[in-house]
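Asker: We have chain A already, so just place chains B, C and D with the ligands on it with the hints.
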Amino acid sequence: MRSPEPFRTVKITQVVEENSLVKTIRFQDDVDVEPGQFYMVWVPGVDEMPMSASYIGKEKGITVHRIGEGTEALHNMKVGDIIGIRGPYGRPYSLEGKKVLMVAGGTAVASLAPLAEKAVDKGMDVVFALGARDRGKLVFQKRLENTVELHIATDDGSEGYHGFVTELSREFMKKGNFDMIYACGPEIMLYNFFKTTQEMGVRVQFSLERYMKCGIGLCGSCAIGPYLVCRDGPVFTEKEIEKMPEFGRYMRDAAGRKTGLK
Amino acid sequence: MRSPEPFRTVKITQVVEENSLVKTIRFQDDVDVEPGQFYMVWVPGVDEMPMSASYIGKEKGITVHRIGEGTEALHNMKVGDIIGIRGPYGRPYSLEGKKVLMVAGGTAVASLAPLAEKAVDKGMDVVFALGARDRGKLVFQKRLENTVELHIATDDGSEGYHGFVTELSREFMKKGNFDMIYACGPEIMLYNFFKTTQEMGVRVQFSLERYMKCGIGLCGSCAIGPYLVCRDGPVFTEKEIEKMPEFGRYMRDAAGRKTGLK
Amino acid sequence: MLDTIIAGLKLKNPLILASGILDEVGSTMSEIAVQAGALVTKSVGKEAREGYGNPAVVPLEHGILNAVGLANPGIENYAEEIKEAKKGGAPVIGSVFSSDFEGFGYLAGKMEEYGADAVELNLSCPHVKGYGMEMGSRPEDVKRSVESAVSSVKIPVFAKFTPNTHNISSLAMAAYESNASGVVAINTLKGMAINADAGMPVLANKVGGYSGPAIKPIGLRLVYEIATMFKIEKVKIPIIGVGGITTGTDAIEYMMAGASAVQVGSAFYYRGKDTMELIAGEIENFLKESGYSSVREVIGVALS
Amino acid sequence: MLDTIIAGLKLKNPLILASGILDEVGSTMSEIAVQAGALVTKSVGKEAREGYGNPAVVPLEHGILNAVGLANPGIENYAEEIKEAKKGGAPVIGSVFSSDFEGFGYLAGKMEEYGADAVELNLSCPHVKGYGMEMGSRPEDVKRSVESAVSSVKIPVFAKFTPNTHNISSLAMAAYESNASGVVAINTLKGMAINADAGMPVLANKVGGYSGPAIKPIGLRLVYEIATMFKIEKVKIPIIGVGGITTGTDAIEYMMAGASAVQVGSAFYYRGKDTMELIAGEIENFLKESGYSSVREVIGVALS
Ligand SMILES: Cc1cc2nc3c(=O)[nH]c(=O)nc-3n(C[C@H](O)[C@H](O)[C@H](O)COP(=O)(O)OP(=O)(O)OC[C@H]3O[C@@H](n4cnc5c(N)ncnc54)[C@H](O)[C@@H]3O)c2cc1C
Ligand SMILES: Cc1cc2nc3c(=O)[nH]c(=O)nc-3n(C[C@H](O)[C@H](O)[C@H](O)COP(=O)(O)OP(=O)(O)OC[C@H]3O[C@@H](n4cnc5c(N)ncnc54)[C@H](O)[C@@H]3O)c2cc1C
Ligand SMILES: Cc1cc2nc3c(=O)[nH]c(=O)nc-3n(C[C@H](O)[C@H](O)[C@H](O)COP(=O)(O)O)c2cc1C
Ligand SMILES: Cc1cc2nc3c(=O)[nH]c(=O)nc-3n(C[C@H](O)[C@H](O)[C@H](O)COP(=O)(O)O)c2cc1C
Ligand code: FES
Ligand code: FES
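Protein chains in written order, with the working numbering: chain A, 0 to 261; chain B, 0 to 261; chain C, 290 to 593; chain D, 290 to 593.
Be a bit skeptical, because a hint or two may be false.
[Claimed, not checked] Straight line, CA to CA, 25 Å or less: simulated BS3-like cross-link-like pairs of lysine-lysine: (1) A:K22 with A:K10; (2) A:K10 with C:K495; (3) D:K495 with B:K242; (4) D:K375 with C:K523.
In short, the hints are calculated from the structure, not lab data.
This structure is a prediction, so every number in the text was calculated from the model and none was measured.
Here chain A stands alone, though its shape is the one from the complex:
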């Protein structure tokens, strides 16, 4: 039986501005977290949201893209402020093989950065493709530069490869053989990239997002195909993704109605 993991509050120990839209918030939380797992993060009186762990040492971190009211409230928090957390929840990435490719679009690098560090610690060969709209939107560039073989792609060409990070990744895949492709980013990007990886017959682990209420496998709002993102994911393999008719097509809103992807 799973032991209860009750709600707890933590004090913010550090706030790092990654760029104009993204901040990393650090706090002490004495539990084991694996790359790919997420917290449910409560901003008292405002909202509770799923957030991937972007740092998994003793001082944990989440890296927050400002998009609406909840993430805005997180951006307004200061060192010493209190947030509520529960988790970590979800099935993490599983490191397999010797040579792997990691593909991150935008702030989604949050969940892949600690994975890259773990892979290097294990002596694996990591090629990391980090993409963003423009150079100002790149997150964790410095953190990754010193750790892995880092390649940058920007939509406007302001840094690195000019184009989508998935196109750049395709080039690498043509050249080298990867034992596993790890990817995280907007679903449209993942959807298109999935076609590529399927054509090339490679194994993948993609981290997906769905609207979450409970985070603990009860409410069903994060359902995708026969799976729950909070319980069976957020990381899924190609075999699982094949069983998701809605992947790349639609999500559900808080009422459970189908809506477009963001």
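Answerer: Frame of chain A, contents of chains B, C and D with the ligands only:
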């Protein structure tokens, strides 16, 4: 914080008839029990009663003197029948010194027999005075004979010393120096014996009984002086017994009214 | 050994998925249907509702607190989910809620039309003002709600009660007298969590419904109370027990208290994906070890 | 930092021993008085009652179940216990129960005569037929009980409510309108335990009252509901919170929900002899760490 110790049921594995009034009931219960501790024992549909653990190995035991409806129901149980138990509860005897005297009147030997065995295991010198009304009422004579220096006393002289076990014990105490006196039996016996031990200035640990409802320090029905028998006892030292104005005088019934000793 | 029949519905085991649990989407439900005796859908109303904001579900030390707020896509959008849910092979019970009595008839009719095998009336959602609680706590209201549904459909109608009441027996009697095919007890208890560091309630809606292991003794008592009354009054409709059932033993206890089948909800948090299969296995083991030959034999054995 | 005043009673901390806990005997209570802000006696009635047989108290996984059945020595035999209890130095609140309204006046009078500093009316014992539940769940009955007591004594009168109700706010309002000096919430929830192996209820009385950690979210919600209503109606009498308080944080949560003081009962099982001292220490730590200078500052901060 104390972890919850929920109610559980066990199957009776053995029933031993010690004499016409006393039976020992054995069952498997995989918890640690110290000599002097007790279980709350449920006979489904009949009653729940405190019973000292008379065997504390893997196969636990209680030794039951038939006195009323509840104990009668226990006597009627067969191997394979189910009883409910919770506990062990209470503060056990604490083994101190090198040479000790144990004094048991009647079925009260239940809690002292495992203590004697433990003391011998620890290499202590144990003198054991076992008393009963007549030879037919002696319990655990065989069990103790092979373990400790056993002396018998019967009120009618049908075996061993003719007289009270406390008188016999007084003789031993005059002769030898004991580091600790352990005693259990009817309260009148303990009350009189306590006068002796106090006069002689020896340290004691007596196991007492009071009416119990909860066994877990909530209801207050087992109060004696400033103590609760279920929580602070059932084993008490001379310093504690001195603070009990009702010791040897009265008990309380289920309504909390004062009543005589049994 | 585990199969049973409730109001004509054939269940392969007495375990029914509780309303509001993993039933946002038909595909999730059909996965569970493979292991369960039957499924209840989330409570659906006339219009779509977003429900309350997050936090909407919070695990506490001894149970789960939720204020999902009857979030649902609206009955008009629900046909497909029923169809999908039925693919699992188990009977599907459509749960409905309404703020007026006639609504129950309308919604029940829709559920029947979509292919639901029975309807469950949620007379008890504690955290939506004007709905639930107020509606389901008076016998007259239970009567009118059940009558509305029963007169609109041919499939069995179950009435599900709130535990936030002092008169569950009268509610159950009212349901029986209005020709309900069975009663369901219990829904969540009204509860709340306050975070001391933040100095405020945790749920966005402040107050919510409390479920999970902590509430088992309360649900057991209410089922036992209804069953005792039904026995005395010679009422023969089944009771479906729900509240904190997490293990096979829990399920057996509810059945001994008088339930003919049970629903399982919060347990999915504690035991995961295969909750139903795990509980079913435990029930089977218990029956074998205790010498019962069918789960139906344990129904009501703890009643005096 | 921890001292407070409730209806004129000076408490050195906001922790009050709950009724029915370790209060069989005055000497046990005076031990606890050294650590507590005040003490409530067990509920005493006109005549002695043996209560129900054993099992009368059973620890469950998430709380405690009891059916002590209002066992008490009768008011005539209680003078000495009050005297003894008062030796500890803390105010002593005499709890009374009665099956008729006038009884509350008579019993309250006796308690005052014995030296009790206040009276608590147990309007809510769920497991004695004809008493408690039925008596305390209608506002009219609360009114008549409180009026009877208030008109008989000069000391403060507190009304303690059942949680087995859907209208706690009306009960609290009725108590206020009858000049109660404060309200107390909650008593135990009706519950039961069934043992599957034996196939029968565990408590001798079958049904009992459920207390301890499991019920905290329910008690918190009821206190919050009363406090919200009192705030709107500008009612100024204190609320005393009780139900599952085991740690300092629990106590703070109740006070943030609107309680001016709290009672502690089942916690003595989990934390032993020094429960009050441990909880008081935790409250003090919390206050210091969070920058409060008095425990009175946290009262009601979670109310909107
Ligand atoms: C497993 C997982 C991991 C995530 N990790 C991160 C991360 O590391 N960094 C990051 O910035 N974002 C992450 N997100 C997305 C993040 O949860 C949403 O951006 C955030 O909830 C938006 O809240 P808001 O109030 O600011 O925006 P809103 O204005 O409320 O919503 C904007 C959009 O955000 C999404 N969203 C809102 N609420 C939720 C919710 N409860 N669950 C899922 N999606 C929601 C919806 O698509 C919505 O349309 C993750 C999401 C999931 C499911
Ligand atoms: C810590 C402790 C350990 C005990 N160990 C043993 C033991 O090892 N062997 C043994 O035979 N007996 C033991 N007893 C005594 C035993 O609990 C009672 O003899 C038994 O409860 C009698 O129940 P009855 O229904 O047969 O008798 P009843 O007719 O109900 O009562 C007879 C007398 O037994 C006592 N008694 C009854 N119920 C209780 C109760 N709930 N708690 C305490 N006393 C009660 C009262 O003095 C009563 O007058 C112990 C008692 C205590 C407090
Ligand atoms: C997240 C959640 C949502 C729920 N939604 C509904 C609902 O829509 N309709 C309903 O009748 N009950 C609903 N319930 C109550 C459950 O069906 C069930 O009665 C209750 O949770 C007690 O069972 P459990 O302890 O097994 O969870 C919900 C419960 C939870 C935890
Ligand atoms: C063994 C026991 C006996 C109780 N007896 C009484 C009583 O006589 N009168 C009363 O008003 N409440 C009684 N209660 C209820 C408590 O006072 C309290 O309201 C309830 O237990 C909830 O608090 P807790 O969770 O801290 O125990 C009793 C509770 C227990 C556990
Ligand atoms: S978020 Fe509720 S099931 Fe996944
Ligand atoms: S038996 Fe209840 S306090 Fe000891």
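Asker: Okay, which hints does this one fail, numbers in order?
Answerer: 3 and 4
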